[in-house]
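**Q** Given the coordinates of chain A, assemble chain B onto it according to the supplied hints.
Note that the protein sequences, when read in sequence, are chains A and B. Residues in the first sequence are numbered from 1 upward in steps of one, following full-length UniProt numbering. Residues in the second sequence are numbered from 1 upward in steps of one, following full-length UniProt numbering.
Among the hints, a few may not be true.
What the hints assert, rightly or not - For the chain B half of the interface with chain A, some residues (derived, Cβ under 10 Å), not all of them:
1) Ile104
2) Ala111
3) Leu115
4) Tyr145
5) Pro151
6) Val209
7) Pro343
8) Lys377
For the record, the hints were derived by calculation from the structure and aren't laboratory data. Bear in mind the structure is a predicted one, so any value in this text is a computation, not a measurement. Backbone N, C-alpha and C define an ideal beta-carbon position, used for all residues, glycine too.
Each chain, written out:
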Amino acid sequence: MEHHHEKLNLSVGNMRMLSTLQTPRSLSRLSLIPSNTFTSRASLTHQSPTTTTTPPQSQILSNRHSLLSRHVTAADLARSYLTRLRQSEPHLRSFLHLPDDDAVLAQAAHLDGKISAGDELGPLAGVFVAVKDNICTIDMPSTAGSRILEGYRPPFDATAVKRVKELGGIVVGKTNLDEFGMGSTTEGSAFQVTANPWDVSRVPGGSSGGSAAAVSARQCVVSLGSDTGGSVRQPASFCGVVGLKPTYGRVSRFGLMAYASSLDAIGCFGSSVADTGILLSAIAGHDRFDATSSKQDVPNFLSHFVSASSLESKPLKGLRVGLIRETIGDGVDAGVISAIRAAALHLEELGCSVNEVSLPSFSLGLPAYYVLAVSESSSNLSRYDGIRYGGQVYADELDSLYGGSRSKGFGSEVKMRILMGTYALSAGYYDAYYKRAQQVRTIIRNSFKEALNQNDILISPAAPSAAYKIGEKKNDPLAMYAGDIMTVNVNLAGLPALVLPCGFVEGGSAGLPVGLQMIGAAFDEGQLLRVGHIFEQTLENCRFVPPIVTDDIAD
Amino acid sequence: MASTIFRSLQVQPFLLNPSKLLKRRNGVMHFTTKATQSQTETQQRQPQAKVSTSTQSKKLDKIPNDYEAIIGIETHVQLSTLTKAFCGCPYNYGSSPNSSICPICMGLPGALPVLNSKVIEFAVKLGLALNCNLAFNSKFDRKQYFYPDLPKGYQISQFDVPIASAGYLDVDIPVEFGGGHKRFGITRVHMEEDAGKLLHTEHGNYSQVDLNRAGVPLLEIVSEPDMRNGIEASEYAAELQRLVRYLGVSNGNMQEGSLRCDVNVSIRPIGQSKFGTKVEIKNLNSFASVSRAIDFEISRQVQLHSQGQEDQIVQETRLWEEGSQRTITMRKKEGLADYRYFPEPDLPAVILSQEYVDRIQNSLPELPEIKRRRYEKMGLSMQDVLFLANDKSIAEFFDATLAKGADAKLVANWIMSDIAAFMKNEKLTINEIKLTPEELSELIASIKGGTISGKIGKEILFELLAKGGSVKELIEKKDLVQIVDPVEIEKMVDKVIAENPKQVEQYRGGKTKLQGFFAGQVMKLSKGKANPGLLNKILLEKLNSKN
Numbered sequence: 001m002e003h004h005h006e007k008l009n010l011s012v013g014n015m016r017m018l019s020t021l022q023t024p025r026s027l028s029r030l031s032l033i034p035s036n037t038f039t040s041r042a043s044l045t046h047q048s049p050t051t052t053t054t055p056p057q058s059q060i061l062s063n064r065h066s067l068l069s070r071h072v073t074a075a076d077l078a079r080s081y082l083t084r085l086r087q088s089e090p091h092l093r094s095f096l097h098l099p100d101d102d103a104v105l106a107q108a109a110h111l112d113g114k115i116s117a118g119d120e121l122g123p124l125a126g127v128f129v130a131v132k133d134n135i136c137t138i139d140m141p142s143t144a145g146s147r148i149l150e151g152y153r154p155p156f157d158a159t160a161v162k163r164v165k166e167l168g169g170i171v172v173g174k175t176n177l178d179e180f181g182m183g184s185t186t187e188g189s190a191f192q193v194t195a196n197p198w199d200v201s202r203v204p205g206g207s208s209g210g211s212a213a214a215v216s217a218r219q220c221v222v223s224l225g226s227d228t229g230g231s232v233r234q235p236a237s238f239c240g241v242v243g244l245k246p247t248y249g250r251v252s253r254f255g256l257m258a259y260a261s262s263l264d265a266i267g268c269f270g271s272s273v274a275d276t277g278i279l280l281s282a283i284a285g286h287d288r289f290d291a292t293s294s295k296q297d298v299p300n301f302l303s304h305f306v307s308a309s310s311l312e313s314k315p316l317k318g319l320r321v322g323l324i325r326e327t328i329g330d331g332v333d334a335g336v337i338s339a340i341r342a343a344a345l346h347l348e349e350l351g352c353s354v355n356e357v358s359l360p361s362f363s364l365g366l367p368a369y370y371v372l373a374v375s376e377s378s379s380n381l382s383r384y385d386g387i388r389y390g391g392q393v394y395a396d397e398l399d400s401l402y403g404g405s406r407s408k409g410f411g412s413e414v415k416m417r418i419l420m421g422t423y424a425l426s427a428g429y430y431d432a433y434y435k436r437a438q439q440v441r442t443i444i445r446n447s448f449k450e451a452l453n454q455n456d457i458l459i460s461p462a463a464p465s466a467a468y469k470i471g472e473k474k475n476d477p478l479a480m481y482a483g484d485i486m487t488v489n490v491n492l493a494g495l496p497a498l499v500l501p502c503g504f505v506e507g508g509s510a511g512l513p514v515g516l517q518m519i520g521a522a523f524d525e526g527q528l529l530r531v532g533h534i535f536e537q538t539l540e541n542c543r544f545v546p547p548i549v550t551d552d553i554a555d
Numbered sequence: 001m002a003s004t005i006f007r008s009l010q011v012q013p014f015l016l017n018p019s020k021l022l023k024r025r026n027g028v029m030h031f032t033t034k035a036t037q038s039q040t041e042t043q044q045r046q047p048q049a050k051v052s053t054s055t056q057s058k059k060l061d062k063i064p065n066d067y068e069a070i071i072g073i074e075t076h077v078q079l080s081t082l083t084k085a086f087c088g089c090p091y092n093y094g095s096s097p098n099s100s101i102c103p104i105c106m107g108l109p110g111a112l113p114v115l116n117s118k119v120i121e122f123a124v125k126l127g128l129a130l131n132c133n134l135a136f137n138s139k140f141d142r143k144q145y146f147y148p149d150l151p152k153g154y155q156i157s158q159f160d161v162p163i164a165s166a167g168y169l170d171v172d173i174p175v176e177f178g179g180g181h182k183r184f185g186i187t188r189v190h191m192e193e194d195a196g197k198l199l200h201t202e203h204g205n206y207s208q209v210d211l212n213r214a215g216v217p218l219l220e221i222v223s224e225p226d227m228r229n230g231i232e233a234s235e236y237a238a239e240l241q242r243l244v245r246y247l248g249v250s251n252g253n254m255q256e257g258s259l260r261c262d263v264n265v266s267i268r269p270i271g272q273s274k275f276g277t278k279v280e281i282k283n284l285n286s287f288a289s290v291s292r293a294i295d296f297e298i299s300r301q302v303q304l305h306s307q308g309q310e311d312q313i314v315q316e317t318r319l320w321e322e323g324s325q326r327t328i329t330m331r332k333k334e335g336l337a338d339y340r341y342f343p344e345p346d347l348p349a350v351i352l353s354q355e356y357v358d359r360i361q362n363s364l365p366e367l368p369e370i371k372r373r374r375y376e377k378m379g380l381s382m383q384d385v386l387f388l389a390n391d392k393s394i395a396e397f398f399d400a401t402l403a404k405g406a407d408a409k410l411v412a413n414w415i416m417s418d419i420a421a422f423m424k425n426e427k428l429t430i431n432e433i434k435l436t437p438e439e440l441s442e443l444i445a446s447i448k449g450g451t452i453s454g455k456i457g458k459e460i461l462f463e464l465l466a467k468g469g470s471v472k473e474l475i476e477k478k479d480l481v482q483i484v485d486p487v488e489i490e491k492m493v494d495k496v497i498a499e500n501p502k503q504v505e506q507y508r509g510g511k512t513k514l515q516g517f518f519a520g521q522v523m524k525l526s527k528g529k530a531n532p533g534l535l536n537k538i539l540l541e542k543l544n545s546k547n
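So that you can see chain A by itself, here it is in the shape it has in the complex (with noise of 0.2 Å):
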């Protein structure tokens, strides 16, 4: 009874033999997509792309299928990857840690080895996967972007990576992300500061701003993010990119540095809806290492993919969507809520009944989630204390090693999370912060259920502007908090989430991308990639690909 978990070894030897016990995911789950709907799409891209209307297409599906029929090699794909990642990355700073191309490549070529056996490949086999930096990999450093994780190396691959890994894809670095996952622009990591794709001068949003700007700049096929309050899905509403947050407990945290355990979610970044479907097929379903992993069957997230040429005039006839009034009034830019209001009635060219749903509760959301969110975050990196791992500032008392680790490792917003977390549950206070708010989550999660009664999914944008300038919000905390009104609501509920680009505002060179957020049940992210899929594969006068990608590469 007491063996449902063994033990997690340390040894390399050890965890291999662990994930031999793992049942291996078959290609079956993937292959059941209808041949009809991606083989023909994949053979548009080899045509060059002369209109701006051409929809997001599968890069993971059109890879493959080029892959499978010879016409290019894993390594020749490797090195194209590798080009456009090094040329971008100066500018963009997306990656904390890249590995030798070298390493990139052999796995490449061991990848070709098998193809030219007739091997089965796996689903994800030769897929270029980013990953955020507070999720642990066991071959390359995992910091969260912190100093007091500087060098730090884990002894064992998140769950997620473990699951891309033996499902065939490369790891290729570690994306950037503000420090332990507490901001919203990517300009709170201890190391670097990430530049928007659409505009260098811009933030990519936060706190997987590496991991979306990678997938934007085709600096890697697909990433996987954090979501807390809105992680990966503003910055990829910022960076014009599909973000999924799945629902709690849908992927295992198992190996994610944890910020706010109750709220933390790994999500999936990709430059089309499929990709990211197939990425979360990938990583998601339960995992005994993380007791609120779901053991929800994990359906095929895309065998009800239809292709845009087979669609219906009304193909989403009969879906309820509710736009949600609260997030489209006051403080929310222009530019964004036309964005919406447009989608809105490309919703309703597609059949759906789109109507205004209100969520009286919308605006406790805020407020509940920061307390909840530093509440946990202060006890989360009470293990930082630089005894077992990380930096050490030595002293000859006890107290001023822990100070000094502390004070020295953790960068400012951190620690003031940490101090408001730590108030927030001091007695005396405990009932007036961490209770009340747990109170305002249980309203938000009803009203939630209800409004999700009444409608097949809810709408709203994925944040109130779009990307700012960098060093815009910095100062000014409060401002960067109310950037997440759109977002916490959903982590507090525990829902699912998929935010994919819609329109853009002006901005840059080339316009900025505007997010538009689906909200859908819980364990119905099947729903929100179907409807998404079909809302990108219609979408008329918008191309997605940033300024910076030059090259002539089919998105």
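**A** Below, chain B without anything else, positioned relative to chain A:
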């Protein structure tokens, strides 16, 4: 406050050889802890301590008259699960430092706890055995503080909803301490994880951390302040040890720290309703030290109080010093520590179903208290009852022997006299002796049925204890069957009478005490096998018949 000097301690968590995990990188850390302060404290108190030691027994006699002691106990029981509470590491007492650790119990970034379901099972077992109310919906909480033996910076514990509460424990006070039956209240039982251990080197100026124990499951049992003296407290602790051993949830070994008692002691003048200031005592490694430390502490407090120095009794943690047999100040409480408890978000709620609880209830063994009452009903003395029921293995041996049909009192006599003496001399437990319950039952039956004499029975017993074998075999092999044939005995009597004419003369001349001499000679001739009753009957007939 005392300075805790801490040079450095560095762990390289990704070394593959765990034994090297706590290799120090840049120098070492040093703990002077509170040693200096304790020292002064000790010196200051020495004269007092001497006084109180010399007057201790008198003081103790005085307590019931003038003062009343209020004692409560917090007990930590380490559970004997195969793996730790939240990871798959085993725990074996005494294994080399940091040989049984993993990313989870080391608190590495990204590691998460997953509850070992055995911990709940054991907690429910003990909660039921302590007559508690169970919380069918409880949870874990984080208790937060910084210390190098606490890898995550918080201990996973239970705060406001313990898994079991409001129970009691019935204890029989041993006859030599006045006897009697006592019921002590149980406030709560909750689940938590143990911390690691700091190893302070004797000469080097550094300390090391051993995380083998980190994450080992514990049950904390908090009693009501129902004890009034050291004996009651140590008997409560002993009964708790018995209980966890009967239940199989812990080895209850105090020396290994599997069962740790912290006691809270306060005194007040009889008639006063307000509680006195309570003092916590730690470092109690045996039941004797529990009892002695409390009695020492009571007399220390009574003395201070009776001298008008009750303001000297302060809320503090004191350490029991086994060597000098007294308590010394370890640390004074500086206000209440704020552990900033909040619900552990990494673990789901602990939900018990009635079926689950019923299944455990039905699987509980006979508990010590029930066993004692059963033995009492068999007519055994309280001394016998306590001896037999106190040790689970002895009780099992006793019950197994009874199951073979032997008489309870006879079995108790054998176990408590010759068998107990043998175990004591040879330093063996009842499970290590070669005698089986079946054979003890057979032995008793053989004596009762007259096959062998009681004397032969004893000889056989020692053979069985040391070498094993069966009673029947030994009797046959050694030709030990009792002689019950009157003709055969008569022959031997005749022989002895014939060989001792002088003594016969004396006997017949009135020195009848010589009967014993003749009986002894006949018994010797029979190699101890003659039935004593028959022997005496025939001997008397022969001696008294005047030819």
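**Q** Against this structure, judge whether each hint is valid.
**A** Evaluated hints:
no., hint, in the structure
1, Ile104, "6 Å, holds"
2, Ala111, "7 Å, holds"
3, Leu115, "6 Å, holds"
4, Tyr145, "9 Å, holds"
5, Pro151, "6 Å, holds"
6, Val209, "7 Å, holds"
7, Pro343, "9 Å, holds"
8, Lys377, "37 Å, violated"
Going down the numbered hints, you'll see the structure goes against just number 8.
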